[in-house]
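There are 2 protein chains.
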Amino acid sequence: MLEQARKREELLEAIEEYIREKRYAQLRDLLLPMAPADIASVCADLGEEVPLMFRLLPKELAAEVFVELDSDEQEMLIQSFSNTELKEVLDELYLDDTVDIVEEMPANVVKRILRHSDPEMRKSINEILKYPEDSTGSIMTTEFVDLKQSMTVEAAFKRIRRTGPDKETINVCYVIDEQRHLIGLLSIRTLLLADEDDIIGDIMETNIISVHTLDDQETTARALSKYDFLALPVVDTENRLVGIVTVDDAMDVLQEEVTEDIELMAAILPSDKPYLKTGVLETWKARTPWLMILMLSATFTGIILTRFENSLSACAILTAFIPMLSGTGGNSGTQASTAVIRALSLGEVRFSDLLRVLWKEFRVSLCCGICLAAANFVKMMIVDRWLMHNPEVTPLVALVVCATLVGTVLCAKLVGCSLPILAEKVGFDPAVMASPFISTIVDSISLLIYFRFATLLLGI
Amino acid sequence: MLEQARKREELLEAIEEYIREKRYAQLRDLLLPMAPADIASVCADLGEEVPLMFRLLPKELAAEVFVELDSDEQEMLIQSFSNTELKEVLDELYLDDTVDIVEEMPANVVKRILRHSDPEMRKSINEILKYPEDSTGSIMTTEFVDLKQSMTVEAAFKRIRRTGPDKETINVCYVIDEQRHLIGLLSIRTLLLADEDDIIGDIMETNIISVHTLDDQETTARALSKYDFLALPVVDTENRLVGIVTVDDAMDVLQEEVTEDIELMAAILPSDKPYLKTGVLETWKARTPWLMILMLSATFTGIILTRFENSLSACAILTAFIPMLSGTGGNSGTQASTAVIRALSLGEVRFSDLLRVLWKEFRVSLCCGICLAAANFVKMMIVDRWLMHNPEVTPLVALVVCATLVGTVLCAKLVGCSLPILAEKVGFDPAVMASPFISTIVDSISLLIYFRFATLLLGI
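These protein sequence lines map, in sequence, to chains Y and G. In terms of numbering that gives the first Met the number 0, the first sequence opens at residue 0 and continues consecutively. In terms of numbering that gives the first Met the number 0, the second sequence opens at residue 0 and continues consecutively.
Please note: incorrect hints may appear among the correct ones.
Identical copies look the same in the list; a pair holds intra-copy or inter-copy alike.
[As the list claims (entries may be wrong)] Using 20 Å as the maximum straight-line C-alpha spacing, the simulated PhoX-like pairs for lysine-lysine come out as follows:
| hint | residue 1 | residue 2 |
| --- | --- | --- |
| 1 | K225 | K6 |
| 2 | K147 | K166 |
| 3 | K378 | K225 |
| 4 | K225 | K276 |
| 5 | K129 | K272 |
| 6 | K6 | K424 |
| 7 | K272 | K86 |
| 8 | K272 | K225 |
| 9 | K147 | K86 |
| 10 | K122 | K110 |
| 11 | K166 | K272 |
| 12 | K110 | K86 |
| 13 | K378 | K157 |
I should point out that these hints are in silico values taken from the structure, not numbers from a laboratory. The model shown is predicted, which means the values in this text are computed figures rather than measured ones.
Excised from the complex, chain Y in its bound form (with noise of 0.2 Å):
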């Protein structure tokens, strides 16, 4: 990694260098043997010189690196490009490319950009536009390889060769009727192993794993990366073909779900931006919800300890144990429903697992809590009472700490791991029963049992 940053500053320096000094040869030189995504990566340092680098690439590499960088510099780009600029990216770009792109422009941008596609283009980016949010239909792209099944083979491979070149994969071809309902697929590989004279309809894989456009998109990606397949048909209510979702698109949307969950499960609101790329009221306002509705419901801890308050100055050496028991009860409980949120969303435990996992938390937080009681015990006598000459420390406060931990314990993990399984159940995202939310729980549990015990050992 270190490595890789010093060849970046280095050509962020050449690259800056080219440009004072207009060696723009040298310049294109340097940039032609780069992959799209790192000329974009670099392109997010340089600010103003992006769209002057933009113009000496070759059209076809320039609509690459278009389509890997941010939104933002995107619309920078398109606002400082010429009407037959935009026309020549636009030409070069996959539709789904194109999509995402207009949708994240602001209008103007977007009247703009559909302005200068072509009528078929217009269509389909219409069309694609009008499915909904992390549906599906809306990661797809229509630029698919169709086959006929009375095709043969040969008739087959010059289809490919007369229309590949604008498809977004030709690996996987897919054969439809006439009224374009998908009945069978091939890979380039079964044509390229079959006989020039082979029909298509003998020879095509007919148990076909397809997905709808209204289908959720995360669901979408899962199932491409369940049967390892690079592209995944997608079809109407009719079952006829409509699209494809491709591998390189389903690993992206995986990427931004699991990012989702982890803000999700962070008490964050989630956003699509990168970190740095959003703005400080961007992530108050992602931020503060949580916080705030976090904050106010630990006005119960409040309302016990307040109840509490005669005990406490009873016995006042209670207090200083509070936060460890209430950090440890937090903990545990993060514990487990992390350990099940991620197992719902991997489909490893259904709602009609809650059973096995309550007993299997049960056991895991005996063993947990009473390993942790014993090491707390022997810490208590020895660090608190012997080391800091605490006499109130007394073996029976930590029996009462100590017995506190267990049922802390016990309780975060059967809430911990239960939330999320019910939280699935009844429709809401399960990362939201994350950590802060189980700790807040928590909190007011694990101090019932401390005044429990409390009373009931210390006579209090």
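Keeping the supplied structure of chain Y fixed, place chain G upon it in accordance with the hints.
Frame of chain Y, contents of chain G only:
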């Protein structure tokens, strides 16, 4: 999801009925059109009937199902196989899948597998097994299509048709010289669109992005995703082509690495087994170490509280707000650290961005802190003082709590955003610097701020 679960139940019942009534032909007809991954997922719920079901499947499908099974079930099946059956399944497997299986099996099963693989397979397995875990070499396959640069397109197709059936992918072909150095690559699309007498050396792509056998598998998977490739060539230190990594394996690696990150972030030691397959003892072992460390480090908060015991008895109401303060501090820190950890792992943030990140979090935390403090002041005046009739909650006490809130959020966010970056810089996994770790540190800081403000404003 619900509908899927119901379908699954029906399917399981049908399969169990067919097995009970020995209607094997019908069972076979039921299974044949299913995808391998779906058959494997059903196997997980069937138990002892799996070997029987397995024998009904045609060889190729059986092998594909075998690859998708969990390692426990694979081991059980291998134990139940006759030597001939084992050899038949092994012959159908791709090399990288065999290696994955061998890595998970106990020694006696591994020996049996190696004994029944053909000599060339055995050599390749042993070669891949020598690469360290998590290295690119350990996930690559050596079954790729290689071409020579002097070949014509026609000759290349002949070679693909002859060797293709045994290769993991033919979508990308690699061009090597006499010493097996990687000198170019060609997609099957380029080959199909070229003329039959074109020379490979003239049409191949020579700007190659390759990875090294010892590169981290996550880096390789991210590169594949970044460049939207279907496969990446893997070279040794002398730039000789030794294998390829395909996109389906890259997706699996990314998924595993995300699970590992999420587990680390929840203070769980990572394991690669699914949640319900992990035993109670194993789960306990994965969870106790961090719980223990974090519990013991809470000794500091205990010491701080003991030191300020007198202040607390002078103004007992202060205790009631400790959980709220430490909760809000923990949550604020979690938000910042999670956002930064994810940005680091996606490559959006580097060490050189540290100051930018700190400046951003400084401003965000001021906004959040002030906002929360204002809400909390109003809440304390209305709920705690007025509704709960608690005269101890004076405006001055509320001021102490709210000032602490601002200070805590500020510290929490600054600590939360910088620790992951520093951890990565010194070579630790930044994911460890997540919620539980940050909360434990912030707990002490927020208490110190609290008592500082209390002494200052309340004069205790």
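Of the hints given before, which are not true for this structure? 3, 5, 7, 9, 11, 13
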